[in-house]
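Under our numbering, the first residue of the sequence shown carries the number 3, and numbering increases by one thereafter.
Simulated from the structure, these hints should not be mistaken for lab results. Hints may contain errors.
Claimed, not checked - Here are the simulated lysine to any residue pairs, SDA-like style, with alpha carbons at most 20 angstroms apart: (1) K140 x P294; (2) K140 x L126; (3) K140 x L53; (4) K140 x M10; (5) K140 x S352; (6) K140 x H130; (7) K140 x A120; (8) K140 x D129; (9) K140 x A348; (10) K140 x V121; (11) K140 x W125; (12) K140 x E326; (13) K140 x R128; (14) K140 x L33; (15) K140 x L60; (16) K140 x S379; (17) K140 x H127; (18) K140 x G117; (19) K140 x V69; (20) K140 x M191; (21) K140 x L378; (22) K140 x T385; (23) K140 x L380; (24) K140 x A124; (25) K140 x P204.
As the list claims (entries may be wrong) - Here are the computed distance ranges between Cβ atoms for each label pair: (26) V220 x P244: 41 to 51 angstroms; (27) Y259 x L207: 14 to 24 angstroms; (28) G117 x S352: 43 to 53 angstroms; (29) P244 x F405: 24 to 34 angstroms.
Backbone N, C-alpha and C fix where the C-beta goes; we use that ideal spot for every residue, glycine too.
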Amino acid sequence: MTGSSGAMLVVVDVAVVLAVGAALTPLIHRLRQPRVIAEIVAGIALGPSLLGLLPGHLTTRLFPAEVRPELSAISQVGVLLFMFLVGWEMNLGHARTRGGAVLSISLASIALPFGTGAVLAAWLHRDHAIVDGHHVDKVAFVLFVGTAMAVTAFPVLARIIMEHRLQMTPVGVISLAAAAVGDVLAWCMLALVSIVAASSHPERLLQVIGWSALYALVLWMAVRPLLGLLIRRLSRGGDVSPQLLVLVVAGVFLSAYTTDLIGIHAIFGAFSFGLIMPRGSGGILASRVRIPMEHVTGLLMPIFFISTGLSVDIIGLGGGGLLELAAIIGVACLSKLGGVVAAGRAAGMSWADARTVGLLMNTRGLTELIILNAGLSLGILDTRMFTMMVVMALATTAMAGPFIPRRPYARPEGALPPAAAVEAAPAAGAGRGPGGSGGSGGSGAA
(Lines of atoms letter the chains of each structure in order from A and count residues from 1; the text may use other names and numbers.)
(Lines give C-alpha, C1' and ligand atoms only; values in the text may rest on other atoms or scores of the structure.)
Protein backbone atom coordinates (compact mmCIF):
# COMPACT_ATOMS: atom_id res chain seq x y z
CA MET A 1 0.00 0.00 0.00
CA THR A 2 1.50 3.34 -1.05
CA GLY A 3 1.57 6.35 1.24
CA SER A 4 -1.11 8.13 -0.78
CA SER A 5 -3.49 5.17 -0.88
CA GLY A 6 -2.89 4.53 2.83
CA ALA A 7 -3.77 8.13 3.66
CA MET A 8 -6.93 7.90 1.54
CA LEU A 9 -7.94 4.69 3.30
CA VAL A 10 -7.62 6.49 6.63
CA VAL A 11 -9.90 9.21 5.27
CA VAL A 12 -12.41 6.58 4.13
CA ASP A 13 -12.22 4.84 7.51
CA VAL A 14 -12.98 8.10 9.30
CA ALA A 15 -15.96 8.68 7.01
CA VAL A 16 -17.29 5.16 7.65
CA VAL A 17 -16.97 5.52 11.42
CA LEU A 18 -18.72 8.89 11.46
CA ALA A 19 -21.50 7.66 9.16
CA VAL A 20 -22.21 4.47 11.12
CA GLY A 21 -22.29 6.37 14.41
CA ALA A 22 -24.65 8.97 12.93
CA ALA A 23 -26.90 6.24 11.50
CA LEU A 24 -27.19 4.49 14.87
CA THR A 25 -27.83 7.66 16.88
CA PRO A 26 -31.59 8.05 16.11
CA LEU A 27 -32.23 4.41 17.07
CA ILE A 28 -30.22 4.78 20.27
CA HIS A 29 -32.12 7.95 21.17
CA ARG A 30 -35.42 6.07 20.87
CA LEU A 31 -34.06 3.67 23.49
CA ARG A 32 -33.41 6.66 25.80
CA GLN A 33 -29.66 6.36 25.48
CA PRO A 34 -27.02 9.11 25.14
CA ARG A 35 -25.20 9.53 21.86
CA VAL A 36 -22.05 7.95 23.21
CA ILE A 37 -23.79 4.57 23.30
CA ALA A 38 -24.38 4.77 19.53
CA GLU A 39 -20.72 5.59 18.94
CA ILE A 40 -19.43 2.85 21.22
CA VAL A 41 -21.73 0.32 19.56
CA ALA A 42 -20.58 1.53 16.13
CA GLY A 43 -16.93 1.04 17.09
CA ILE A 44 -17.57 -2.47 18.41
CA ALA A 45 -19.78 -3.41 15.44
CA LEU A 46 -17.07 -2.42 12.93
CA GLY A 47 -14.51 -4.59 14.74
CA PRO A 48 -14.07 -8.36 14.99
CA SER A 49 -17.16 -8.74 17.21
CA LEU A 50 -19.62 -8.20 14.31
CA LEU A 51 -18.23 -7.03 10.96
CA GLY A 52 -15.28 -9.38 11.37
CA LEU A 53 -17.64 -12.35 11.52
CA LEU A 54 -18.97 -11.74 8.01
CA PRO A 55 -17.39 -13.39 4.96
CA GLY A 56 -14.55 -11.57 3.25
CA HIS A 57 -12.53 -10.41 6.27
CA LEU A 58 -14.24 -7.02 6.04
CA THR A 59 -12.78 -5.58 9.24
CA THR A 60 -9.23 -6.42 8.16
CA ARG A 61 -9.79 -5.04 4.67
CA LEU A 62 -11.39 -1.83 5.91
CA PHE A 63 -8.99 -1.32 8.81
CA PRO A 64 -5.72 -3.03 7.81
CA ALA A 65 -2.83 -3.12 10.26
CA GLU A 66 -0.94 -0.42 8.33
CA VAL A 67 -3.55 2.29 8.93
CA ARG A 68 -4.44 1.49 12.54
CA PRO A 69 -1.51 3.46 14.02
CA GLU A 70 -2.68 6.51 12.05
CA LEU A 71 -6.24 6.10 13.30
CA SER A 72 -4.88 5.71 16.81
CA ALA A 73 -2.87 8.93 16.48
CA ILE A 74 -5.98 10.83 15.35
CA SER A 75 -7.98 9.39 18.22
CA GLN A 76 -5.33 10.39 20.75
CA VAL A 77 -5.72 14.03 19.74
CA GLY A 78 -9.43 13.76 20.50
CA VAL A 79 -8.82 11.97 23.80
CA LEU A 80 -6.33 14.57 25.03
CA LEU A 81 -8.65 17.46 24.17
CA PHE A 82 -11.55 15.63 25.81
CA MET A 83 -9.55 15.03 28.99
CA PHE A 84 -8.61 18.71 29.07
CA LEU A 85 -12.30 19.62 28.88
CA VAL A 86 -13.15 17.15 31.65
CA GLY A 87 -10.50 18.74 33.87
CA TRP A 88 -11.71 22.24 32.99
CA GLU A 89 -15.29 21.36 33.94
CA MET A 90 -14.29 19.90 37.31
CA ASN A 91 -15.46 22.18 40.09
CA LEU A 92 -15.00 20.94 43.64
CA GLY A 93 -17.17 23.84 44.75
CA HIS A 94 -20.00 21.40 43.96
CA ALA A 95 -19.18 19.73 47.26
CA ARG A 96 -20.44 22.81 49.11
CA THR A 97 -23.93 21.93 47.88
CA ARG A 98 -25.44 19.59 50.49
CA GLY A 99 -21.83 18.88 51.46
CA GLY A 100 -22.44 15.99 53.87
CA ALA A 101 -24.60 14.01 51.45
CA VAL A 102 -22.29 14.74 48.51
CA LEU A 103 -19.15 13.64 50.32
CA SER A 104 -20.68 10.47 51.78
CA ILE A 105 -22.23 9.43 48.43
CA SER A 106 -19.03 10.22 46.56
CA LEU A 107 -16.86 8.18 48.93
CA ALA A 108 -19.33 5.28 48.98
CA SER A 109 -19.47 5.27 45.18
CA ILE A 110 -15.71 4.76 45.13
CA ALA A 111 -14.89 2.69 48.21
CA LEU A 112 -17.29 -0.23 47.78
CA PRO A 113 -16.72 -0.71 43.99
CA PHE A 114 -12.97 -0.40 44.51
CA GLY A 115 -12.93 -2.98 47.31
CA THR A 116 -15.18 -5.53 45.61
CA GLY A 117 -13.46 -4.91 42.25
CA ALA A 118 -10.08 -5.55 43.84
CA VAL A 119 -11.30 -8.84 45.34
CA LEU A 120 -12.71 -9.88 41.96
CA ALA A 121 -9.46 -8.89 40.24
CA ALA A 122 -7.43 -11.03 42.64
CA TRP A 123 -9.55 -14.00 41.51
CA LEU A 124 -9.27 -13.10 37.81
CA HIS A 125 -5.54 -12.37 37.79
CA ARG A 126 -4.44 -15.96 37.32
CA ASP A 127 -6.21 -16.19 33.95
CA HIS A 128 -5.03 -12.75 32.79
CA ALA A 129 -1.50 -12.63 34.17
CA ILE A 130 0.30 -12.77 30.81
CA VAL A 131 0.09 -9.89 28.33
CA ASP A 132 2.17 -10.10 25.15
CA GLY A 133 4.50 -12.60 26.79
CA HIS A 134 5.08 -10.45 29.89
CA HIS A 135 3.85 -11.23 33.40
CA VAL A 136 1.44 -8.64 34.82
CA ASP A 137 2.18 -7.62 38.39
CA LYS A 138 -0.74 -8.75 40.56
CA VAL A 139 -0.75 -5.60 42.69
CA ALA A 140 -0.93 -3.36 39.62
CA PHE A 141 -3.68 -5.52 38.09
CA VAL A 142 -5.78 -5.55 41.26
CA LEU A 143 -5.39 -1.81 41.85
CA PHE A 144 -6.19 -0.99 38.23
CA VAL A 145 -9.34 -3.13 38.01
CA GLY A 146 -10.54 -1.84 41.40
CA THR A 147 -10.06 1.75 40.25
CA ALA A 148 -11.78 1.10 36.92
CA MET A 149 -14.77 -0.32 38.80
CA ALA A 150 -14.94 2.81 40.98
CA VAL A 151 -15.14 5.32 38.13
CA THR A 152 -18.25 7.36 37.36
CA ALA A 153 -18.41 9.16 34.01
CA PHE A 154 -19.16 12.75 35.01
CA PRO A 155 -19.67 13.82 31.36
CA VAL A 156 -22.29 11.24 30.43
CA LEU A 157 -23.97 11.61 33.83
CA ALA A 158 -24.34 15.34 33.18
CA ARG A 159 -25.77 14.62 29.72
CA ILE A 160 -28.37 12.18 31.11
CA ILE A 161 -29.35 14.66 33.82
CA MET A 162 -29.92 17.33 31.18
CA GLU A 163 -31.98 15.01 28.98
CA HIS A 164 -34.19 14.06 31.96
CA ARG A 165 -34.44 17.70 33.14
CA LEU A 166 -33.04 16.88 36.55
CA GLN A 167 -30.34 19.56 36.67
CA MET A 168 -32.36 21.84 39.00
CA THR A 169 -33.57 19.07 41.33
CA PRO A 170 -31.91 17.77 44.51
CA VAL A 171 -31.26 14.42 42.79
CA GLY A 172 -29.52 16.06 39.82
CA VAL A 173 -27.51 18.51 41.92
CA ILE A 174 -26.30 15.84 44.36
CA SER A 175 -25.43 13.44 41.52
CA LEU A 176 -23.42 16.07 39.64
CA ALA A 177 -21.59 17.17 42.75
CA ALA A 178 -20.82 13.63 43.95
CA ALA A 179 -19.63 12.58 40.48
CA ALA A 180 -17.38 15.64 40.20
CA VAL A 181 -15.72 14.97 43.56
CA GLY A 182 -15.54 11.24 42.88
CA ASP A 183 -13.97 11.70 39.47
CA VAL A 184 -11.15 13.81 40.86
CA LEU A 185 -10.47 11.14 43.51
CA ALA A 186 -10.66 8.36 40.92
CA TRP A 187 -8.23 10.10 38.57
CA CYS A 188 -5.79 10.59 41.46
CA MET A 189 -6.09 6.88 42.25
CA LEU A 190 -5.54 5.97 38.62
CA ALA A 191 -2.48 8.20 38.43
CA LEU A 192 -0.99 6.31 41.36
CA VAL A 193 -1.84 2.97 39.75
CA SER A 194 -0.24 4.17 36.51
CA ILE A 195 2.92 5.09 38.41
CA VAL A 196 3.01 1.67 40.10
CA ALA A 197 2.45 -0.14 36.80
CA ALA A 198 5.11 1.85 34.95
CA SER A 199 7.74 1.55 37.68
CA SER A 200 9.37 -1.85 37.88
CA HIS A 201 11.79 -0.91 40.68
CA PRO A 202 11.31 1.07 43.94
CA GLU A 203 13.89 3.65 42.79
CA ARG A 204 11.95 4.24 39.58
CA LEU A 205 8.70 4.52 41.55
CA LEU A 206 10.14 7.21 43.81
CA GLN A 207 11.56 9.01 40.79
CA VAL A 208 8.20 9.10 39.00
CA ILE A 209 6.41 10.27 42.15
CA GLY A 210 8.99 13.02 42.66
CA TRP A 211 8.82 14.29 39.08
CA SER A 212 5.01 14.12 39.13
CA ALA A 213 4.84 16.18 42.32
CA LEU A 214 7.27 18.72 40.88
CA TYR A 215 5.28 19.00 37.68
CA ALA A 216 2.02 19.47 39.60
CA LEU A 217 3.71 22.26 41.58
CA VAL A 218 4.95 23.95 38.41
CA LEU A 219 1.49 23.76 36.84
CA TRP A 220 -0.18 25.31 39.88
CA MET A 221 2.43 27.91 40.86
CA ALA A 222 3.73 29.00 37.46
CA VAL A 223 1.59 27.84 34.52
CA ARG A 224 -1.76 28.72 36.11
CA PRO A 225 -0.86 32.39 36.76
CA LEU A 226 0.66 32.65 33.28
CA LEU A 227 -2.54 31.31 31.76
CA GLY A 228 -4.54 33.90 33.68
CA LEU A 229 -2.25 36.67 32.44
CA LEU A 230 -2.43 35.34 28.87
CA ILE A 231 -6.23 35.23 28.95
CA ARG A 232 -6.42 38.80 30.23
CA ARG A 233 -4.07 40.02 27.51
CA LEU A 234 -5.87 38.21 24.69
CA SER A 235 -9.39 39.05 25.82
CA ARG A 236 -9.31 42.80 26.00
CA GLY A 237 -12.29 44.75 24.75
CA GLY A 238 -14.76 41.98 25.49
CA ASP A 239 -13.44 39.62 22.82
CA VAL A 240 -10.92 36.79 22.68
CA SER A 241 -8.12 36.57 20.16
CA PRO A 242 -8.15 33.38 18.03
CA GLN A 243 -4.57 32.89 19.20
CA LEU A 244 -5.81 31.90 22.64
CA LEU A 245 -7.43 28.70 21.40
CA VAL A 246 -4.25 27.77 19.54
CA LEU A 247 -2.05 28.43 22.57
CA VAL A 248 -4.34 26.50 24.92
CA VAL A 249 -4.35 23.46 22.62
CA ALA A 250 -0.56 23.67 22.39
CA GLY A 251 -0.41 23.78 26.19
CA VAL A 252 -2.61 20.69 26.45
CA PHE A 253 -0.35 18.71 24.13
CA LEU A 254 2.86 19.87 25.84
CA SER A 255 1.44 18.97 29.25
CA ALA A 256 0.46 15.52 27.96
CA TYR A 257 3.93 15.04 26.48
CA THR A 258 5.55 16.03 29.77
CA THR A 259 3.62 13.51 31.86
CA ASP A 260 4.39 10.83 29.28
CA LEU A 261 8.09 11.66 29.66
CA ILE A 262 7.76 11.46 33.44
CA GLY A 263 6.36 7.95 33.14
CA ILE A 264 2.61 8.33 33.61
CA HIS A 265 -0.01 8.28 30.88
CA ALA A 266 -0.43 11.37 28.69
CA ILE A 267 -4.12 11.69 29.62
CA PHE A 268 -3.09 12.87 33.08
CA GLY A 269 -1.16 15.76 31.59
CA ALA A 270 -4.16 16.88 29.55
CA PHE A 271 -6.50 16.46 32.52
CA SER A 272 -4.16 18.40 34.83
CA PHE A 273 -3.90 21.25 32.33
CA GLY A 274 -7.70 21.44 32.35
CA LEU A 275 -7.76 21.58 36.17
CA ILE A 276 -5.51 24.65 36.24
CA MET A 277 -7.33 26.41 33.37
CA PRO A 278 -8.96 29.63 34.69
CA ARG A 279 -12.75 29.69 34.87
CA GLY A 280 -15.06 32.63 34.51
CA SER A 281 -14.46 35.53 32.08
CA GLY A 282 -18.19 36.02 31.61
CA GLY A 283 -18.68 33.21 29.14
CA ILE A 284 -16.09 34.51 26.67
CA LEU A 285 -13.80 31.54 27.24
CA ALA A 286 -16.73 29.18 26.76
CA SER A 287 -17.74 30.64 23.41
CA ARG A 288 -14.24 31.10 21.98
CA VAL A 289 -12.29 28.22 23.50
CA ARG A 290 -14.44 25.51 25.04
CA ILE A 291 -17.22 25.27 22.46
CA PRO A 292 -14.89 25.15 19.41
CA MET A 293 -12.85 22.50 21.22
CA GLU A 294 -16.02 20.51 21.93
CA HIS A 295 -16.86 20.57 18.22
CA VAL A 296 -13.40 19.26 17.36
CA THR A 297 -13.61 16.45 19.90
CA GLY A 298 -17.08 15.67 18.59
CA LEU A 299 -15.49 14.77 15.26
CA LEU A 300 -12.44 13.02 16.67
CA MET A 301 -13.83 10.90 19.49
CA PRO A 302 -15.70 8.45 17.19
CA ILE A 303 -12.24 7.53 15.86
CA PHE A 304 -11.29 6.62 19.42
CA PHE A 305 -14.26 4.27 19.56
CA ILE A 306 -13.18 2.38 16.44
CA SER A 307 -9.65 2.12 17.85
CA THR A 308 -11.27 0.63 20.95
CA GLY A 309 -13.64 -1.59 18.98
CA LEU A 310 -10.83 -3.14 16.96
CA SER A 311 -9.42 -4.53 20.23
CA VAL A 312 -12.78 -5.87 21.41
CA ASP A 313 -13.62 -9.48 20.48
CA ILE A 314 -16.76 -10.60 22.28
CA ILE A 315 -17.01 -13.88 20.35
CA GLY A 316 -13.47 -14.78 21.41
CA LEU A 317 -14.39 -14.79 25.11
CA GLY A 318 -15.77 -18.32 25.07
CA GLY A 319 -17.86 -19.88 27.85
CA GLY A 320 -15.40 -19.16 30.63
CA GLY A 321 -15.08 -15.57 29.49
CA LEU A 322 -18.84 -15.08 29.55
CA LEU A 323 -18.91 -16.28 33.17
CA GLU A 324 -16.18 -13.79 34.06
CA LEU A 325 -18.06 -11.07 32.16
CA ALA A 326 -21.23 -11.77 34.16
CA ALA A 327 -19.22 -11.53 37.38
CA ILE A 328 -17.65 -8.22 36.33
CA ILE A 329 -20.99 -6.64 35.37
CA GLY A 330 -22.67 -7.97 38.51
CA VAL A 331 -19.97 -6.69 40.85
CA ALA A 332 -19.80 -3.32 39.04
CA CYS A 333 -23.55 -2.71 39.30
CA LEU A 334 -24.26 -4.11 42.76
CA SER A 335 -21.30 -2.41 44.42
CA LYS A 336 -21.93 1.00 42.87
CA LEU A 337 -25.70 0.92 43.39
CA GLY A 338 -25.42 -0.60 46.86
CA GLY A 339 -22.84 1.92 48.07
CA VAL A 340 -24.68 4.96 46.71
CA VAL A 341 -28.15 3.86 47.84
CA ALA A 342 -26.90 3.09 51.36
CA ALA A 343 -25.11 6.46 51.60
CA GLY A 344 -28.12 8.28 50.17
CA ARG A 345 -30.49 6.69 52.64
CA ALA A 346 -28.12 7.51 55.51
CA ALA A 347 -28.13 11.13 54.32
CA GLY A 348 -31.94 11.25 54.52
CA MET A 349 -32.89 10.64 50.88
CA SER A 350 -35.95 8.62 49.94
CA TRP A 351 -35.53 5.16 48.44
CA ALA A 352 -36.60 6.46 45.00
CA ASP A 353 -34.16 9.38 45.04
CA ALA A 354 -31.29 7.26 46.37
CA ARG A 355 -31.93 4.65 43.68
CA THR A 356 -31.96 7.31 40.95
CA VAL A 357 -28.66 8.76 42.17
CA GLY A 358 -27.25 5.23 42.24
CA LEU A 359 -28.28 4.61 38.62
CA LEU A 360 -26.72 7.90 37.55
CA MET A 361 -23.50 7.23 39.45
CA ASN A 362 -23.31 3.77 37.86
CA THR A 363 -22.68 5.24 34.40
CA ARG A 364 -19.09 4.77 33.27
CA GLY A 365 -19.18 5.64 29.56
CA LEU A 366 -16.32 7.29 27.75
CA THR A 367 -14.32 7.97 30.91
CA GLU A 368 -14.09 4.23 31.54
CA LEU A 369 -13.04 3.52 27.93
CA ILE A 370 -10.21 6.03 28.19
CA ILE A 371 -9.04 4.39 31.41
CA LEU A 372 -9.26 0.91 29.90
CA ASN A 373 -7.26 1.95 26.85
CA ALA A 374 -4.63 3.32 29.23
CA GLY A 375 -4.55 -0.09 30.93
CA LEU A 376 -4.16 -1.79 27.57
CA SER A 377 -1.29 0.47 26.53
CA LEU A 378 0.41 0.03 29.92
CA GLY A 379 0.30 -3.74 29.50
CA ILE A 380 -1.97 -4.31 32.51
CA LEU A 381 -4.95 -5.73 30.60
CA ASP A 382 -4.94 -8.49 28.00
CA THR A 383 -7.41 -8.41 25.10
CA ARG A 384 -9.95 -10.66 26.83
CA MET A 385 -9.99 -8.63 30.04
CA PHE A 386 -10.13 -5.43 28.00
CA THR A 387 -13.14 -6.76 26.06
CA MET A 388 -15.02 -7.71 29.23
CA MET A 389 -14.39 -4.34 30.87
CA VAL A 390 -15.51 -2.47 27.73
CA VAL A 391 -18.76 -4.46 27.65
CA MET A 392 -19.23 -3.67 31.36
CA ALA A 393 -18.78 0.05 30.65
CA LEU A 394 -21.35 -0.15 27.84
CA ALA A 395 -23.86 -2.10 29.97
CA THR A 396 -23.63 0.14 33.05
CA THR A 397 -23.97 3.28 30.96
CA ALA A 398 -26.97 1.91 29.04
CA MET A 399 -28.79 1.01 32.27
CA ALA A 400 -29.42 4.57 33.38
CA GLY A 401 -31.74 5.85 30.65
CA PRO A 402 -34.48 3.19 30.79
CA PHE A 403 -34.63 2.99 34.60
CA ILE A 404 -34.57 6.67 35.52
CA PRO A 405 -38.16 7.95 35.99
CA ARG A 406 -39.59 9.41 32.80
CA ARG A 407 -41.38 12.24 34.57
CA PRO A 408 -38.96 14.90 35.80
CA TYR A 409 -38.76 15.64 39.47
CA ALA A 410 -40.43 18.86 40.55
CA ARG A 411 -38.08 21.48 41.93
CA PRO A 412 -38.75 22.07 45.60
CA GLU A 413 -40.41 25.40 46.31
CA GLY A 414 -37.83 28.07 47.00
CA ALA A 415 -34.93 25.90 45.84
CA LEU A 416 -32.34 27.74 43.81
CA PRO A 417 -30.49 25.88 41.05
CA PRO A 418 -26.74 25.93 41.73
CA ALA A 419 -25.02 27.83 38.94
CA ALA A 420 -22.25 25.26 38.86
CA ALA A 421 -24.66 22.42 38.17
CA VAL A 422 -26.53 24.34 35.50
CA GLU A 423 -23.25 25.32 33.86
CA ALA A 424 -21.70 21.86 33.94
CA ALA A 425 -24.61 19.99 32.44
CA PRO A 426 -25.07 22.07 29.28
CA ALA A 427 -21.35 21.95 28.65
CA ALA A 428 -21.52 18.23 28.93
CA GLY A 429 -24.39 18.01 26.52
CA ALA A 430 -22.74 20.05 23.84
CA GLY A 431 -21.71 17.00 21.94
CA ARG A 432 -18.32 16.10 23.01
CA GLY A 433 -16.87 18.30 25.54
CA PRO A 434 -17.33 16.71 28.62
CA GLY A 435 -20.25 15.17 27.45
CA GLY A 436 -22.56 14.73 24.65
CA SER A 437 -21.73 11.35 23.87
CA GLY A 438 -19.55 9.09 28.07
CA GLY A 439 -19.33 10.37 28.91
CA SER A 440 -15.35 11.23 30.73
CA GLY A 441 -18.74 10.89 27.83
CA GLY A 442 -18.47 14.35 23.58
CA SER A 443 -18.95 11.37 23.57
CA GLY A 444 -20.88 11.16 26.47
CA ALA A 445 -18.99 10.07 28.75
CA ALA A 446 -16.25 10.10 30.42
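Hints and how they fare:
no., hint, result
1, K140 x P294, "42 angstroms, violated"
2, K140 x L126, "10 angstroms, holds"
3, K140 x L53, "34 angstroms, violated"
4, K140 x M10, "43 angstroms, violated"
5, K140 x S352, "40 angstroms, violated"
6, K140 x H130, "10 angstroms, holds"
7, K140 x A120, "10 angstroms, holds"
8, K140 x D129, "11 angstroms, holds"
9, K140 x A348, "35 angstroms, violated"
10, K140 x V121, "12 angstroms, holds"
11, K140 x W125, "10 angstroms, holds"
12, K140 x E326, "17 angstroms, holds"
13, K140 x R128, "9 angstroms, holds"
14, K140 x L33, "39 angstroms, violated"
15, K140 x L60, "37 angstroms, violated"
16, K140 x S379, "17 angstroms, holds"
17, K140 x H127, "7 angstroms, holds"
18, K140 x G117, "15 angstroms, holds"
19, K140 x V69, "34 angstroms, violated"
20, K140 x M191, "17 angstroms, holds"
21, K140 x L378, "15 angstroms, holds"
22, K140 x T385, "17 angstroms, holds"
23, K140 x L380, "14 angstroms, holds"
24, K140 x A124, "7 angstroms, holds"
25, K140 x P204, "16 angstroms, holds"
26, V220 x P244: 41 to 51 angstroms, "27 angstroms, violated"
27, Y259 x L207: 14 to 24 angstroms, "21 angstroms, holds"
28, G117 x S352: 43 to 53 angstroms, "27 angstroms, violated"
29, P244 x F405: 24 to 34 angstroms, "44 angstroms, violated"
When held up to the earlier numbered hints, the structure conflicts with 1, 3, 4, 5, 9, 14, 15, 19, 26, 28, 29 and fits the remainder.
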